[in-house]
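Going line by line, the protein sequences match chains C and R.
Residue numbering for the first sequence follows my numbering, beginning at 1 and increasing consecutively.
Residue numbering for the second sequence follows my numbering, beginning at 1 and increasing consecutively.
Hints were generated in silico from the structure; no laboratory data involved.
Where a beta carbon is used, it is the ideal one built from N, C-alpha and C, also for glycine.
Each hint should be verified, as a subset may be incorrect.
[Said to hold, decoys possible] Have a look at the derived ranges for each label pair, beta carbon to beta carbon:
hint, chain 1, residue 1, chain 2, residue 2, range
1, R, 52, C, 128, 23 to 29 Å
2, C, 132, R, 52, 24 to 30 Å
3, R, 4, C, 91, 34 to 40 Å
4, R, 4, C, 196, 38 to 44 Å
5, C, 77, R, 5, 56 to 62 Å
6, R, 56, C, 19, 31 to 37 Å
7, C, 132, R, 42, 53 to 59 Å
8, R, 52, C, 41, 17 to 23 Å
[Unchecked claim] In silico lysine-lysine, DSS-like type, Cα no more than 25 Å apart, as pairs:
hint, chain 1, residue 1, chain 2, residue 2
9, C, 91, C, 102
10, C, 91, C, 101
11, C, 21, C, 91
12, C, 21, R, 55
13, C, 91, R, 55
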Amino acid sequence: MARSMSERDLRLVHPPPRERKPLVPNQVLGTMIFILTECMLFAGFISAYAIARTNVPVWPPAGQPRLPVEATGFNTLVLLASGALMFYAGKRFAESPEAAKKPMLGAVALGVFFVAFQGMEWVQLLSQGLTLQTSSHSAFFYLIVGMHALHVMVGTLVVLWQARQLWAGSLDPNGFWAGRLFWYFVVLLWPVLYWQVYL
Amino acid sequence: MSPGLLWLLTGAAWACAVCGGQDDADTKQAFIDTTIFLSLLPLGLMGGASLWIYKRSQALEVAPD
Numbered sequence: 001m002a003r004s005m006s007e008r009d010l011r012l013v014h015p016p017p018r019e020r021k022p023l024v025p026n027q028v029l030g031t032m033i034f035i036l037t038e039c040m041l042f043a044g045f046i047s048a049y050a051i052a053r054t055n056v057p058v059w060p061p062a063g064q065p066r067l068p069v070e071a072t073g074f075n076t077l078v079l080l081a082s083g084a085l086m087f088y089a090g091k092r093f094a095e096s097p098e099a100a101k102k103p104m105l106g107a108v109a110l111g112v113f114f115v116a117f118q119g120m121e122w123v124q125l126l127s128q129g130l131t132l133q134t135s136s137h138s139a140f141f142y143l144i145v146g147m148h149a150l151h152v153m154v155g156t157l158v159v160l161w162q163a164r165q166l167w168a169g170s171l172d173p174n175g176f177w178a179g180r181l182f183w184y185f186v187v188l189l190w191p192v193l194y195w196q197v198y199l
Numbered sequence: 001m002s003p004g005l006l007w008l009l010t011g012a013a014w015a016c017a018v019c020g021g022q023d024d025a026d027t028k029q030a031f032i033d034t035t036i037f038l039s040l041l042p043l044g045l046m047g048g049a050s051l052w053i054y055k056r057s058q059a060l061e062v063a064p065d
């Protein structure tokens, strides 16, 4: 009489497939693809801006308020410091999630400061009469800088949400990796925009 | 004349009044520069990402996580 195969025998005949870890976690790959599309969005803005500025003899156009180059230079350093803190938080997280709390909070605080400072600049410029309709320069200024500020705000919300998870002890390392990638993108993009729009 | 050589006689297309149709040399140059920039950027980004993934796969083969 044929003996029925036990589960162990079955496993010997048909070993279960070896579980493979993905080369790049899904969250990270998705964020990378998203960042590539964002790079093209800002590249389009910068290209349009570069062509527009060659169309006029004096750039920025005369008779309109000057952009706060020095103050924004300081704000650029603040955002870069935020990126450095986030990098440090990632390093510490690999050792112990507990150790990443302080640098992560510091990165968020500096990100919030950057947006608030920029908001104050905008209020000042608007009060001096620089609006979207003033010139093509001002329109590009509000479009490019505003779009970047929107990204910083979204990035700040993501990092805040992840900080909450870190405190609850449920932060997924891959999710944190994806969040950091997005933060590095908004931080490293800003000096390029500052150089193009302000200088 | 060979039709293949006709392309040598072509000039700039005046289809786009904003970019190629400008008399201003600076604008034309900006248009060419940004065309090169926008053409190469996605290739560079995808090439960079592919290289990173390849290097990561090599590193994981040597020392899996």
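Pairwise hint evaluation, residue 55 of chain R against residue 91 of chain C, where the allowed Cα distance is 25 Å at most: Distance of about 20 Å is within 25 Å: holds.
Range hint compliance [Cβ, residue 132 of chain C to residue 42 of chain R, 53 to 59 Å]: Check failed, 29 Å falls outside 53 to 59 Å.
Outcome for the supplied range 17 to 23 Å, where the beta carbon pair is residue 52 of chain R and residue 41 of chain C: Distance hint for residue 52 of chain R, residue 41 of chain C holds at roughly 21 Å.
Holds or violated: residue 21 of chain C to residue 55 of chain R, with C-alpha atoms at most 25 Å apart: Judged against 25 Å, a Cα distance of about 16 Å means the pair holds.
Range hint compliance [Cβ, residue 132 of chain C to residue 52 of chain R, 24 to 30 Å]: 39 Å, violated
25 Å limit on alpha-carbon distance, applied to hinted pair residue 91 of chain C and residue 102 of chain C: Status holds; Cα separation ~12 Å.
Beta-carbon spacing of residue 77 of chain C to residue 5 of chain R - inside the hinted bounds 56 to 62 Å or not: About 58 Å separates the Cβ atoms of residue 77 of chain C and residue 5 of chain R, which means 56 to 62 Å holds.
Outcome of range test on Cβ distance (residue 52 of chain R, residue 128 of chain C; 23 to 29 Å): Once the Cβ atoms are compared, 45 Å apart, the range 23 to 29 Å for residue 128 of chain C and residue 52 of chain R is violated.
Range hint 31 to 37 Å (beta carbons of residue 56 of chain R and residue 19 of chain C) holds or violated: 19 Å, violated
Proposed proximity, residue 91 of chain C with residue 21 of chain C (alpha carbon, max 25 Å): 22 Å, holds
CB-CB spacing for residue 91 of chain C and residue 4 of chain R relative to the 34 to 40 Å hint: 59 Å, violated
Cβ distance range 38 to 44 Å for residue 4 of chain R and residue 196 of chain C, holds or violated: 42 Å, holds
Hint compliance for this structure: hints 1, 2, 3, 6, 7 are not met, and every other hint is.
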